[in-house]
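Below, each chain spelled out in residue letters.
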Amino acid sequence: MTASNEYRFQVNLSGMIQILSNHLYSSPKVFLRELMQNATDAITARTEAEPGYQGEVRVELTGTGEQLTMMVEDNGIGLTEADIHEFLAMIGQSSKRGQQALLDGETSFIGRFGIGLLSCFMVSHEIVMLTQSAKGGPSMEWRGKPDGTYTIRQLDTQLSPGTKVYLRCTPDAAHYFEPDYVKEALFYYGALLPYPVTLHHDGAQHVVNSETPIWLMDPALARSRRSEVLAFGERLLGEQFQDFIPLTTASGRTGGIAFVLPHAVNLNAKRSHRVYLKRMLISEKAENILPEWAFFVKCLIWTDELQPTASREHFYENEKLEEVRSELGDALRKGLADMAESQTERLQKLIRLHALSMKALAVQDQAFYAMIHRWLPFESTRGHRELGELIDEGETLYFTSSVDEYRQIHHVASAQSMLVINGGYIYDSDLMATLPMTVQNVHTERLQPDQVSMSFTDVPPAERNQYYDALRLADSALQRFRCRAEVKGFKPSDLPVLFTLSQESSTLRALEKASEESTELFSSVLGSLSSNMSSAGYSTLYLNVSNPIIQRVLTSPDDQMTPIAIEMLYVNALMMGHYAMSKQELEVLNQGIVRFIDWGLRANTDRKGDA
Amino acid sequence: MKTEMDFEELMDEAYGLPNGPAKLGMLEEAARVADVNGMEEEAYEARSEIVETATFCGYPMKALIAFSWQLGKFDQQPEEYDEETLMWSYKWILGKMPDFPEISREKILELLEDFGRRFKSYGYSERSYWYYRFRIFMDFGELEEAGRSYDRFRTMDRDFMSDCEACEQDEIMRYFLLKGDDEKVLEVAQPILKGRMSCAEIPHLTLSEILMPLYRLGRTAEADKHQTKGYRLIKGQNDFVQSFAEQMDYLTRMNPAKGIDVLEETLVFATDHEDPYAKMLFYARAASLLRRWAEESPEYRLRLPASFPYEGDPGDLLKLADYFAEHAQTAAAKFDQRNGNRHVSSLIE
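Residue numbers (the numbering used here), protein chains in the order written: chain A, 1310 to 1920; chain B, 16 to 364.
To be clear, the hints were calculated from the coordinates, so they are not data collected in a lab. One or more of the hints may lead you astray.
As the list claims (entries may be wrong) - What the simulated footprint calls covered on chain A by chain B, stretch by stretch (three residues with Cβ under 8 Å from a Cβ of chain B suffice, anywhere in the stretch; the number is not a length):
hint, region
1, 1725-1738
2, 1815-1822
3, 1827-1840
4, 1884-1891
Unchecked claim - Calculated cross-link-like contacts (lysine to aspartate or glutamate; reagent style EDC-like; alpha-carbon spacing at most 16 Å):
hint, chain 1, residue 1, chain 2, residue 2
5, B, 88, A, 1631
6, B, 88, A, 1826
7, B, 240, A, 1628
8, B, 106, B, 183
9, B, 244, A, 1674
10, B, 244, A, 1489
11, B, 88, A, 1829
12, B, 88, B, 60
13, A, 1892, B, 50
14, A, 1338, A, 1489
15, B, 250, A, 1829
16, A, 1800, A, 1767
17, B, 250, B, 216
18, B, 122, A, 1829
19, B, 135, B, 183
20, A, 1643, A, 1674
21, A, 1797, A, 1767
22, B, 135, B, 172
23, A, 1629, A, 1613
24, B, 88, A, 1821
25, B, 244, A, 1628
26, A, 1587, A, 1527
27, B, 135, B, 99
28, A, 1473, A, 1601
To be verified - Pairwise CB distance ranges, derived in the manner of DEER restraints:
hint, chain 1, residue 1, chain 2, residue 2, range
29, B, 215, A, 1746, 42 to 50 Å
30, A, 1573, B, 215, 22 to 30 Å
31, A, 1743, B, 272, 22 to 30 Å
32, B, 205, A, 1522, 47 to 55 Å
33, B, 244, A, 1573, 34 to 42 Å
34, A, 1434, B, 136, 50 to 58 Å
Glycine residues also receive a C-beta, built at the ideal position from the N, C-alpha and C atoms.
Construct the complete structure from the given sequences, taking the supplied hints into account.
The structure is reproduced here in structure tokens:
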């Protein structure tokens, strides 16, 4: 031993390691990523100094049990004694400037050597690093312990340039040292690295990343290598994809492959794209690198222009990221546009699976909407159809703005053969509203429930006059339900009445229903709210003159019978429309039924008496 | 054709949607299906979701209706349901009550007492009661009484039913804002601006609230930074109508062109908003902004959303400004009448 000196970090290292493992990194397994990043940085630095230099990373597993050791070696630039001090000191210095300073800061390297190395303490109680700088000087040995002490000494022998890191595994980290696991992890992190990563174990050696695909740096080439790209995607992302869209930004410094997910995805699903920074895996769950709407794809993305966060699992939300995100979004959009132009079947298939995503995008982007509108699915009175088919009917496309409104009117509307689209699902009414601006010669119109009556036939005034008494009786019977009667003719004629209510009367119904169930205090609070709107809150019960029963009700008014008949028709309409009924309405229903049974039986007995 | 989905399907679909009118519609449909089929527990579950969704996407009335129903059911069978979730919702409901001018001052205070009594009966800290009392009196414009509640709640222990620290801090900041103490506003805002306190709505709300205090103190460079960041956080979300109003208030003075962008992008949210207070502020600020913009660019035609009920010419900015101002003043008058002072009108003068 020549010169051996003991130094101490200027920070509480065990505390630091605690912070790293519990808060910064998602799992101890990232130590391997950190080591690979250090190696990649070292090789990058050497390649910059010696163009054409061929890098290499070797990982070796030796020993068993407590002796189980992993060695990670690169032939990169190596460290001089001064470098070592500088890198390690960085940790101490930055801690004085607060945690944020430690995590910020632009560097041309992925990792920050010192911190990356610390992550190894999550799996090993000792880290030994041997290094030889390509710039010359003696070979160095660094030994660090988790208590914060480390030693540095010059070695007697001269190593070849590069760095070797030895880790001896702790008992609870043993599974991170198993050969199969290590091989998998190395592929996972290093699949795109432009130099060989080899694993040596039990005398055997495997090149982990044997085939670096040619389309990596030029995603446009991917189109002609479909099966190769899909196979690579499956190996790396673990799903069987059937389609993909190549992505590039204008600068060419970010590119990737967007694999179309083979199954529908929830709109709230976490976006998890796999991103490689300088060809080294940085994140498998980058959420913010693509626009929100792009949840129908899982992407492999490589970039060398973004700044990773401290954990190196995400990117800093800054202008650069915003720019990259919007360019990647454009590329994706363009891919879809190309399909719309020349491969409509492919697009159709994609839209069927990811309609929601496509609609989200169409809402934001009119040009895109124009391109793909024909294939977007909607629920309508003609069934679940693609918009193109509905447009081809050449009619006005009516749409509701809520599921509730649609439910109220679709029976009657379809009997009138009106084409009504359920706009209650997310994006649908927006899309309907903007369709005429997007596509020529299409007319859409927002339909309010009380507007179905537009297509009803008016009853001429003279005829209406005949019904005057009956209508008055009806109105006074319905008064207490805040409903009024109106006579119209409509299809289907076997439908005696139709009940409709406006937004406001619907709110009132809800208020009253809640009021019945609630505490006294809350009922009176709801009461003050409803008193303010009751003037506008009338619903309408349309009596269908084309219906024979209604004809009889209207033409033979009777002070006793008409109100009861109208009330029964009213509650029946509520039931048919699946409205929740208030206590008062339920009572009407019960009493009415009993009364009608009574009358029926009595009429029967009277007849028998006659006979 | 299938038109009727069952309860589980509707709930599943609703859970898959982001907060917004579509999700709310789906939940209401689920509650209706449960009601019609006499499924009481399911009806209760759907309403829990309605309360949360409606509270945070501009439908406080729908939230109140659903909550009232829940509370009634709960009181009938308290052993059937979880009181913690319900009492947590009560805080949202209580916080929104003063925003409806139809609800009298007396009723609101009765609600506050009911709330306090229930919290006490479950052994929760009284901090929540005093904190909400503080907020309610601020809403009434009775700052002295609010101040007394402020002194009380600050000394009480937090518990798991307390609002988060960031939200409380934001309300404290509002107190000094109402008192006109801009220096103090910024002092109180510090922990939020520095990122030491945050939650789902903070700093979103805060960043818009401090724009005018900064403006009045002449610190517009800082304000500009907060404006940009703040708007990015709230853009496109109908929960933040009041914040849009605060953004416009500042931009009217500093950058009306950008203010017009904000107005055009957010008017659709304000139009459909159920909170009369937030809507009033929005309309008032829109009016001032339009008047300012009419000086700068008299030819401009404002892009109005299709659903906006204005029949006049969108190119006549001053007329449009009158329309907004009138709406705001009418609403403010209702608040003043309820509160028995001119507090709310003075905020939009």
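In ascending order, which of the hints set out earlier in this document are inconsistent with the structure?
-> Result: hints 5, 9, 10, 15, 19, 28 and 29 break, sorted rising.
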